[in-house]
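Visitor: Letter by letter, the chains look like this.
2 protein chains.
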Amino acid sequence: MQIVKENGPITGEHIAEKLNLTRATLRPDLAILTMSGFLEARPRVGYFYTGKTGTQLLADKLKKLQVKDFQSIPVVIHENVSVYDAICTMFLEDVGTLFVVDDNAILVGVLSRKDLLRASIGKQELPSIPVHIIMTRMPNITICRRDDFILDVAKTLIEKQIDALPVVKDTEKGFEVAGRITKTNMTKILVGLSENEIM
Amino acid sequence: MQIVKENGPITGEHIAEKLNLTRATLRPDLAILTMSGFLEARPRVGYFYTGKTGTQLLADKLKKLQVKDFQSIPVVIHENVSVYDAICTMFLEDVGTLFVVDDNAILVGVLSRKDLLRASIGKQELPSIPVHIIMTRMPNITICRRDDFILDVAKTLIEKQIDALPVVKDTEKGFEVAGRITKTNMTKILVGLSENEIM
Chain A
0 MQIVKENGPI TGEHIAEKLN LTRATLRPDL AILTMSGFLE ARPRVGYFYT GKTGTQLLAD
60 KLKKLQVKDF QSIPVVIHEN VSVYDAICTM FLEDVGTLFV VDDNAILVGV LSRKDLLRAS
120 IGKQELPSIP VHIIMTRMPN ITICRRDDFI LDVAKTLIEK QIDALPVVKD TEKGFEVAGR
180 ITKTNMTKIL VGLSENEIM
Chain B
0 MQIVKENGPI TGEHIAEKLN LTRATLRPDL AILTMSGFLE ARPRVGYFYT GKTGTQLLAD
60 KLKKLQVKDF QSIPVVIHEN VSVYDAICTM FLEDVGTLFV VDDNAILVGV LSRKDLLRAS
120 IGKQELPSIP VHIIMTRMPN ITICRRDDFI LDVAKTLIEK QIDALPVVKD TEKGFEVAGR
180 ITKTNMTKIL VGLSENEIM
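Those protein sequences? They're chains A and B, same order as listed. Numbering that gives the first Met the number 0 applies: residue 0 is where the first sequence begins, and numbers increase by one. Numbering that gives the first Met the number 0 applies: residue 0 is where the second sequence begins, and numbers increase by one.
Next up, chain A with everything else stripped away, as it sits in the complex (with noise of 0.2 Å):
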């Protein structure tokens, strides 16, 4: 790493030489170095020093991580369901938000225990109301797409103060709800982190 870091972009042919090594007993550690990021190989070119350390190419690979793998199954109601309904949907499938569609299955609205909780200490009648009258709706809801990254979303979680986001598809009338990813999902990824299930 000295070398490279000193003389870099150098072949390893001439690392081999300035250690009175032969290519052949130097190529494994070469192997290792660049795989695990401290060094870089271009073809023709030579061996880099990339200057990360072993946390910062952690850090590069967790930025890598994409919604696709890891996010849940959406639990979905339509706009018109009541809010008594969609409470006691909520308790059935145990998530803590639902998405709401309009006929064309189409996303129109997000529900949190917290609207939920909010309405239910008005002074309506619960299973008279329907969820399109409580429920955030476009365009206040936040959304992303399969191919994000989990960290953007995990961000956006933190500083708009959600517990989840839909994964959406994009069709001609508007997004259909695909996927669910939620702070058990994080609390997941980082446990997958320490068990080197991830990475």
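Don't take each hint at face value.
Identical chains blur together in the list; that is why a pair holds if it fits in one copy or across any two.
To be verified - DSS-like mimics (lysine-lysine), calculated; alpha carbons at most 30 Å apart, straight line:
1. K159 with K4
2. K17 with K154
3. K51 with K172
4. K60 with K172
5. K51 with K17
6. K51 with K122
7. K62 with K122
8. K62 with K51
9. K113 with K67
10. K122 with K67
11. K17 with K63
12. K113 with K60
13. K159 with K17
14. K17 with K60
15. K67 with K4
16. K168 with K51
17. K17 with K172
18. K154 with K60
19. K159 with K172
Keep in mind the hints are simulated off the structure, nothing from the lab. These figures come from a predicted structure and were not determined experimentally.
Fit chain B to the given chain A structure using the hints.
Guide: Okay, now just chain B, sitting in the frame of chain A:
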């Protein structure tokens, strides 16, 4: 690394000999490999190959993170407060979990948004029910302490499907509530890792 792998434990001097280098020339490289955790050095014995990859080393560091460095401020209410007032406190403080204490400020219960939502669709008048009727109570409360590991808490949150744990201090009368650790904290840790703010 190859030399240490095949001959370890081996002294710096012997490694230098095998490479036809002086110990002084070799020292910075050995320092880097030891600091990164690929090699381990023991005084008077020599260098060992740890067999750990970059990702494993990160996992090791991740496993050492402790609750005290990431916890949030807890929101606490008295057990005689009404369910209605508890819901208002939850909105005012903008938290997903309240901790319930007795006259001695000792933890006796936990209230999640889910608990409050369940109560709110019941037939009873929310301003007339005290929270101790509907809360999750000891010994069914999962607690943690400030020296506990973040990853153990993360696993508990997932296994028990809860959003937050109280961080407690042991006293003669029971547990005092000293903090709160949530899936939001876990999401922030994930973001912190990618921004090299942690470790």
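Visitor: Please go over all the hints and tell whether each is borne out by the structure.
Guide: Hints versus structure:
1. With identical chains, the CA atoms of K159 and K4 are never at most 30 Å apart, being 43 Å at best within one copy and 49 Å at best between copies.
2. Proximity of K17 and K154 under a CA criterion of 30 Å is satisfied in neither setting, with 47 Å inside one chain copy and 50 Å between copies.
3. In this assembly of identical chains, the alpha carbons of K51 and K172 never lie at most 30 Å apart, being 46 Å within a copy and 51 Å across copies at closest.
4. Taking the shortest alpha-carbon separations for K60 and K172, neither the intra-copy value of 35 Å nor the inter-copy value of 48 Å comes in at or below 30 Å.
5. When the C-alpha separation of K51 and K17 is checked against a cutoff of 30 Å, the pair qualifies both within a copy, at 23 Å, and between copies, at 28 Å.
6. Taking CA atoms no more than 30 Å apart as the test, K51 paired with K122 passes in neither setting, with 59 Å inside one copy and 61 Å between copies.
7. With identical chains, the CA atoms of K62 and K122 are never at most 30 Å apart, being 46 Å at best within one copy and 49 Å at best between copies.
8. Proximity of K62 to K51 under the C-alpha cut-off of 30 Å is found in both arrangements, the shortest distances being 15 Å within a copy and 22 Å between copies.
9. Both within a single protomer and between protomers do K113 and K67 lie at most 30 Å apart by alpha-carbon distance, with minima of 27 Å and 28 Å respectively.
10. For the identical chains of this complex, K122 and K67 are neighbours neither inside a copy (41 Å) nor across copies (42 Å), given an alpha-carbon limit of 30 Å.
11. For the identical chains of this complex, K17 and K63 are neighbours neither inside a copy (36 Å) nor across copies (40 Å), given an alpha-carbon limit of 30 Å.
12. Within a single copy, K113 and K60 get their C-alpha atoms no closer than 34 Å, and across copies no closer than 36 Å, so neither meets the 30 Å cut-off.
13. Neither within a single protomer nor between protomers do K159 and K17 lie at most 30 Å apart by alpha-carbon distance, with minima of 55 Å and 58 Å respectively.
14. When the C-alpha separation of K17 and K60 is checked against a cutoff of 30 Å, the pair qualifies neither within a copy, at 33 Å, nor between copies, at 35 Å.
15. Proximity of K67 to K4 under the C-alpha cut-off of 30 Å is found in neither arrangement, the shortest distances being 38 Å within a copy and 39 Å between copies.
16. For the identical chains of this complex, K168 and K51 are neighbours neither inside a copy (36 Å) nor across copies (41 Å), given an alpha-carbon limit of 30 Å.
17. Taking the shortest Cα distances, K17 and K172 never come within 30 Å of each other, neither inside one copy (65 Å) nor across copies (70 Å).
18. Taking the shortest alpha-carbon separations for K154 and K60, both the intra-copy value of 17 Å and the inter-copy value of 22 Å come in at or below 30 Å.
19. For the identical chains of this complex, K159 and K172 are intra-copy neighbours only, at 26 Å inside a copy versus 39 Å across copies, given an alpha-carbon limit of 30 Å.
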